[in-house]
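A.B. asks: Residue numbers (the UniProt record's numbering), protein chains in the order written: chain A, 1 to 256; chain B, 1 to 249; chain C, 1 to 66.
A hint or two may mislead.
Claimed, not checked - One-sided and incomplete, this derived list gives chain B residues near chain A with beta-carbon spacing under 10 Å:
| no. | residue |
| --- | --- |
| 1 | SER73 |
| 2 | MET77 |
| 3 | VAL80 |
| 4 | VAL84 |
| 5 | ALA148 |
| 6 | LEU149 |
| 7 | LEU166 |
To be verified - From chain A, some residues computed to sit far from chain B (all C-beta separations above 10 Å):
| no. | residue |
| --- | --- |
| 8 | LEU71 |
| 9 | LEU184 |
| 10 | MET204 |
| 11 | SER254 |
Stated by the list, open to error - With a straight-line cut-off of 30 Å between C-alpha atoms, the simulated DSBU-like cross-links for lysine-lysine are:
| no. | chain 1 | residue 1 | chain 2 | residue 2 |
| --- | --- | --- | --- | --- |
| 12 | C | LYS42 | B | LYS238 |
| 13 | C | LYS42 | B | LYS91 |
| 14 | C | LYS42 | B | LYS154 |
| 15 | B | LYS16 | A | LYS190 |
| 16 | B | LYS91 | A | LYS190 |
| 17 | C | LYS42 | B | LYS89 |
| 18 | A | LYS190 | B | LYS154 |
| 19 | C | LYS42 | B | LYS178 |
Simulated from the structure, these hints should not be mistaken for laboratory data. No residue lacks a Cβ here, since even glycine has one placed at the ideal position from N, Cα and C.
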Amino acid sequence: MNAPEAGSTAAQIQARAAAFCRLTVKKSNLPGMGAVFSAAVKREWRLQVRRKGDLINPLVFFALVVVLFPLGISPTAEILAPVAPGVLWVAALLAVLMSLDGLFRPDLQDGSLEQLLVSGYPVAPLVLAKLGVHWLLSSLPLVLLSPFLGVMLYLPWQGHGVLMLSLLLGSLALTLVGSIGAALTTGVGKSGVLITLLVLPFYMPVLIFGTGAMQAAIGGHPAGAHLALLAALTLLALALAPWAIAAALRIAVSGE
Amino acid sequence: MWNWLKTLYHRLGSPKWFYQITGSWLPWFAGATLLFMSVGLVWGLAYAPMDYQQGNSFRIIYIHVPAAFLAQSVYMMMAVAGVVLLVWKMKMADVVAQALAPVGAAMTFIALVTGAIWGVPTWGTWWMWDARLTSMLILFFLYLGVIALREALKPQEVAARACALLAIVGVINIPIIKYSVDWWYTLHQPATFKLTEKPAMPASMWLPLLMMVLGFYALLGWSVLLRARAEILRREFKAGWVREILQRK
Amino acid sequence: MYFDSLSDFFNMGGHALYVWTSFGISLLLMAANILLPWWNLKRTRAQLQRQLRREAALNTSATTAE
Numbered sequence: 001m002n003a004p005e006a007g008s009t010a011a012q013i014q015a016r017a018a019a020f021c022r023l024t025v026k027k028s029n030l031p032g033m034g035a036v037f038s039a040a041v042k043r044e045w046r047l048q049v050r051r052k053g054d055l056i057n058p059l060v061f062f063a064l065v066v067v068l069f070p071l072g073i074s075p076t077a078e079i080l081a082p083v084a085p086g087v088l089w090v091a092a093l094l095a096v097l098m099s100l101d102g103l104f105r106p107d108l109q110d111g112s113l114e115q116l117l118v119s120g121y122p123v124a125p126l127v128l129a130k131l132g133v134h135w136l137l138s139s140l141p142l143v144l145l146s147p148f149l150g151v152m153l154y155l156p157w158q159g160h161g162v163l164m165l166s167l168l169l170g171s172l173a174l175t176l177v178g179s180i181g182a183a184l185t186t187g188v189g190k191s192g193v194l195i196t197l198l199v200l201p202f203y204m205p206v207l208i209f210g211t212g213a214m215q216a217a218i219g220g221h222p223a224g225a226h227l228a229l230l231a232a233l234t235l236l237a238l239a240l241a242p243w244a245i246a247a248a249l250r251i252a253v254s255g256e
Numbered sequence: 001m002w003n004w005l006k007t008l009y010h011r012l013g014s015p016k017w018f019y020q021i022t023g024s025w026l027p028w029f030a031g032a033t034l035l036f037m038s039v040g041l042v043w044g045l046a047y048a049p050m051d052y053q054q055g056n057s058f059r060i061i062y063i064h065v066p067a068a069f070l071a072q073s074v075y076m077m078m079a080v081a082g083v084v085l086l087v088w089k090m091k092m093a094d095v096v097a098q099a100l101a102p103v104g105a106a107m108t109f110i111a112l113v114t115g116a117i118w119g120v121p122t123w124g125t126w127w128m129w130d131a132r133l134t135s136m137l138i139l140f141f142l143y144l145g146v147i148a149l150r151e152a153l154k155p156q157e158v159a160a161r162a163c164a165l166l167a168i169v170g171v172i173n174i175p176i177i178k179y180s181v182d183w184w185y186t187l188h189q190p191a192t193f194k195l196t197e198k199p200a201m202p203a204s205m206w207l208p209l210l211m212m213v214l215g216f217y218a219l220l221g222w223s224v225l226l227r228a229r230a231e232i233l234r235r236e237f238k239a240g241w242v243r244e245i246l247q248r249k
Numbered sequence: 001m002y003f004d005s006l007s008d009f010f011n012m013g014g015h016a017l018y019v020w021t022s023f024g025i026s027l028l029l030m031a032a033n034i035l036l037p038w039w040n041l042k043r044t045r046a047q048l049q050r051q052l053r054r055e056a057a058l059n060t061s062a063t064t065a066e
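Isolated chain A, as found in the complex (with noise of 0.2 Å):
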């Protein structure tokens, strides 16, 4: 044990460090990032696609909660109408949110995700590929499903097409933005009502803007300037949100 291994002489040594240098160098030929993003795009399809209730179920939420404001304010066109926009953002809003809970915890309690954070490919763009499946595939259908909501609430014709467009995306934005949340309650065992608690103050600004859209179109006012800001703030939770969440998802792992 003491002894030095046979030939530690300096030659020996230099080859040992050159055998280790074309190590390294070997390890430039694992799969390029784009090969690793498409394979976690197929991965995030396939384990989500399988998982149907998850996908369908914050669509019945958004439906129910919708149904719910007829029966609890009134069903007259004249009330409805103008609460209209609020009542199917405030509904979508939550959908999404509640799809997102426990969106990475799968992924925690089976290795994957310490797989992901070990592997030294960037994490953020992985992430996205994550996010990506998710919002193809949960709040597409929120969208898709909004107009006939919209028939159900007297939501004026001008407004659907802004209600989708707003909603399309919105839902960008509350995904990236609520993914922080989700990422940050990876570890807690229960965390729908905390992960509303923290996300909700951040989903305001967007409410706002797509709420203001639709209002802007209803009225007979152009909706671009609304949009253009709900676009801005997307494009903000684009670039910053992914390493929020990676940064999330390592504090996360660091506790398990």
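Dock chains B and C against chain A, hints included.
C.D. replies: Relative to chain A, chains B and C alone:
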């Protein structure tokens, strides 16, 4: 000066030094709080002239404004402490951040309640969706979020880093929230009389306000040090110096 | 003094209710922010001292048992 600050910063990073030095700071903070607050209160309540538009209800400014001021700056301080924790891994930053959160929440609550009460003689209602009050309400929820996250997460190092990250995310969001709420307010409400926006206040009005702001800051320091010292004792209980201090008394 | 008399001061020009409730609630909350941490600090110290004594007692009983 810079080097002195750097040394102070590095020393405050050590729990032992922090605990010992803040022990001698406590009476100064306590004295400053009582001095500035009593001067500010008496001056503001009894000697400052009243506002010709709002009458004597204007005197609520002497707590509403310092509280709102502190509510925002305490959140900034929490985020700065969060950066110090995440970047330089200084554990004392988290002790301070943990002590800051309840004081910040209390200040936000004071600003909200006094704003609401002030609303009665000024607007005629107990609550108005005024841009400033609405932002303050959202800030209150942000504080509650940080406090709730710390409660929910274990172990303590994980909770510390998660809360630091949340505070940083919050600080990036606060200007966006403020801007969007201002924008929403002007969209939905005609410009009404704003509580605190005054054209050039005379010195007899703003000097007591300055006293109150200083008093509030001293109170913040006092409260944070008291909380931080208890937390240090709890966290560093295994350390020899804590045992020495405990045995001495 | 800005007011003519003490009763004038307490009356606050008819706004007594608003001014005094605002100041009362605020001062109460600020006092709580000092007193509660103070008591907590004292309690923590006492609790840790008790724990220390318990540990010391356990150690001595362990050594005498040997």
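A.B. asks: Quick check: which numbered hints come out false for this structure?
C.D. replies: Hints 1, 2, 3, 4, 9, 10, 11, 15, 19 are the ones this structure does not satisfy, whereas the remaining hints hold.
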